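Undergrad: Single-letter residue listing:
Number of protein chains: 2
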Amino acid sequence: MRVVDGRTGACDQFPEAVFRGRRARLEARMEALRLRFVLVTKPVDVFYLTGFRGSAGALVISPGRIRLWVDPRYTLQAREQSRGAEVIETRKSLLRAIGGWARRARPSVVGCQDAHLTGAELAELRRESQGSRGARWRGVGAVLDELRIVKDRWEIERMRQAGGLTARVFGEVLPLVKPGVCECDLAAELEFRMKRGGGEGPAFETIVASGPRGAWPHARASARPLRSGELVIFDLGAILAGYASDMTRTLYLGVPRRRARLLYESVAEAQRETVLSLRAGLRGGDADAVARHALARRNLERYFTHSTGHGVGLEVHERPRLARGEHTALQAGAVVTVEPGVYVEGYGGVRIEDTVLISESGPEILTPAAKEPWYTG
Amino acid sequence: MRVVDGRTGACDQFPEAVFRGRRARLEARMEALRLRFVLVTKPVDVFYLTGFRGSAGALVISPGRIRLWVDPRYTLQAREQSRGAEVIETRKSLLRAIGGWARRARPSVVGCQDAHLTGAELAELRRESQGSRGARWRGVGAVLDELRIVKDRWEIERMRQAGGLTARVFGEVLPLVKPGVCECDLAAELEFRMKRGGGEGPAFETIVASGPRGAWPHARASARPLRSGELVIFDLGAILAGYASDMTRTLYLGVPRRRARLLYESVAEAQRETVLSLRAGLRGGDADAVARHALARRNLERYFTHSTGHGVGLEVHERPRLARGEHTALQAGAVVTVEPGVYVEGYGGVRIEDTVLISESGPEILTPAAKEPWYTG
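Going line by line, the protein sequences match chains R and S.
When we follow our numbering, the leftmost residue of the first sequence carries the number 1034, and every step to the right adds one.
When we follow our numbering, the leftmost residue of the second sequence carries the number 1034, and every step to the right adds one.
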């Protein structure tokens, strides 16, 4: 198994056929929607379909042609990274250039990413394409989101490596976790080691939240020093070759009292049961219910204030969701987090999270860090 | 001068009067626009107006009332951080909650941030507020962007600290810059030291681009080892207590040949002249022209493929812009980058950038790292 070096730029390690395959799947969906043209502007989707990893680009996919407009900052990079796309440099705004294309090509309908383009950008697009006699811009963002749900083996391999890196880095930093050390210094260590270990950086701002701060599910790491007799939440993830991972562990500094033990064991049980329940065909809402029921058995459901999980891939939050009301069936090849937690105001919180691959042969945890509940620092 | 600790959460160190003052300025603008209601959803603007730093919140400002809707993840944090706002927890989507408010309050027009809300979000807002008999949502994003251009003394102090941290960290890492070290290890060192030094993290993914990779203005740090006889671009910035900085330095490993020397000296001169030209009343386009003319004197203008600078503050790219066609006059209290560069395909690039405060007493460089051109590693 060749180890991907996340630092060398990523896409050129995917064979060109991967991008062709993705575009073919998109084109099949477009045909079903009777769409001849799709404008893709969200950077991760442009990357997914072409291999170009700049922060701005406008891709138009039409029968037999793939055109990628970029501004002069990205011309060289787009030529080097993109696979099978014509690169067109523009000195105008990208949307103005697309408007110009629409005036010339006169498409009647163009799919666009209305969950990514802002209202102001959509207005610009309409204004700039006015001469095209009524080109309509139809939101089809969900088509692209859905395309990315099932990961291919190349992607899975990268996500295994991203998850492995995250788990390894956490293990390395564990010996530094002790009373007196401040949250942000631990966060800095974790992020530094992710990057030194081959990651491009953290997938999100690393959370280290101790004591009462752990009751904020989205606390940032602060200058607060860790104290004995408190819970500490670590929520971290690396990006490697474009792909994210997401993992949370909770530690207790010292010998745990009854309350901390109850909270920890309840969350651990809920998390384990939910991971084991994951299989193709299960609905996202059902997976969420597994976690919720497990916590309800311990009378802790009211402290679980968010949903159970979310898809991970090129984005750290993507489809599918494991949440109440999600009726779509999970698919083999999807990668999701499982992250139940309990948050008690004024006391602290416990959350345990893994990134998990759903496969025909059962769930595979991609973030294999130990879950020893207690740590006497 | 008290040193702000960027790691303790930020907002509670601004006096409450600061937030009241900002809201009063917004209300004056609203009155001029005959707007009784404004919906603010962009997180940095919610932070600017209330002190709440969560990643999601919906703020409605109306005569005599400031209401902040958050989801349950953020209830405790919003109560603790926000200054002078009523915090309302909702388990629905935030936009659905706002729609419900509009159905009850029946505003005729509500200002909203159409350059932040996506097309899909605006559609949701319209749908959810239908019962309000024709509430119209009018884009007023620019009003908030403009509010943030002139920094107050509290903000300037933080930006000085963010810039000082960035400059100091670069100086610390300089001795590690030598042939054989890979770009990404230097980027990891820089980001680690920013965080250990009190920053919340990098304001953007740190760029270290050596040799021909320097010709990509937005290259990421890769696994490429530095080599003697090449230019290396470092583009970095820390976030401290919410405020960003942005700085670029270019080094040459070894004794520079004529070409490298010409490129470096030309860019340095263009940068110096542009910084010195900055004063209140100068138009953004004129500042851009100073850099462009300086490079044109050396016949290098065609290698300068981007604009000269941008505002910095809560965002690393904000108003005003120093770019062709910008007719607005710069104001005292604005903070901008000055970052001319030249990019030669196949060879490499030079960029030199400072974050600069425009003040009545002249330009002040907030990123005071040395600009020794040559470094014999």
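Possibly wrong hints are sitting among the right ones.
One copy or two, either will do: identical chains are not told apart, so a pair holds if it fits within one copy or between any two.
[Said to hold, decoys possible] Below are the DMTMM-like pairs computed for lysine to aspartate or glutamate, each with C-alpha atoms no more than 20 Å apart in a straight line:
1) Lys-1404 with Asp-1185
2) Lys-1125 with Glu-1190
3) Lys-1211 with Glu-1179
4) Lys-1075 with Glu-1122
5) Lys-1125 with Glu-1179
6) Lys-1125 with Glu-1060
7) Lys-1125 with Glu-1359
8) Lys-1125 with Glu-1334
9) Lys-1404 with Glu-1378
10) Lys-1404 with Glu-1298
11) Lys-1075 with Asp-1319
Treat the hints as calculated values from the structure; they're not laboratory data.
The structure displayed is predicted, hence computed values, not measured ones.
Undergrad: Hint by hint, say whether it matches the structure.
TA: Quick rundown of the hints versus the structure:
no. : hint                   : in the structure
1   : Lys-1404 with Asp-1185 : neither (29 Å within a copy, 47 Å between copies)
2   : Lys-1125 with Glu-1190 : neither (39 Å within a copy, 37 Å between copies)
3   : Lys-1211 with Glu-1179 : neither (43 Å within a copy, 46 Å between copies)
4   : Lys-1075 with Glu-1122 : within (18 Å within a copy, 31 Å between copies)
5   : Lys-1125 with Glu-1179 : neither (31 Å within a copy, 24 Å between copies)
6   : Lys-1125 with Glu-1060 : neither (28 Å within a copy, 35 Å between copies)
7   : Lys-1125 with Glu-1359 : between (42 Å within a copy, 14 Å between copies)
8   : Lys-1125 with Glu-1334 : between (53 Å within a copy, 18 Å between copies)
9   : Lys-1404 with Glu-1378 : neither (24 Å within a copy, 50 Å between copies)
10  : Lys-1404 with Glu-1298 : within (11 Å within a copy, 56 Å between copies)
11  : Lys-1075 with Asp-1319 : neither (31 Å within a copy, 33 Å between copies)
Checked against the numbered hints given earlier, the structure breaks hints 1, 2, 3, 5, 6, 9 and 11 and satisfies all the rest.
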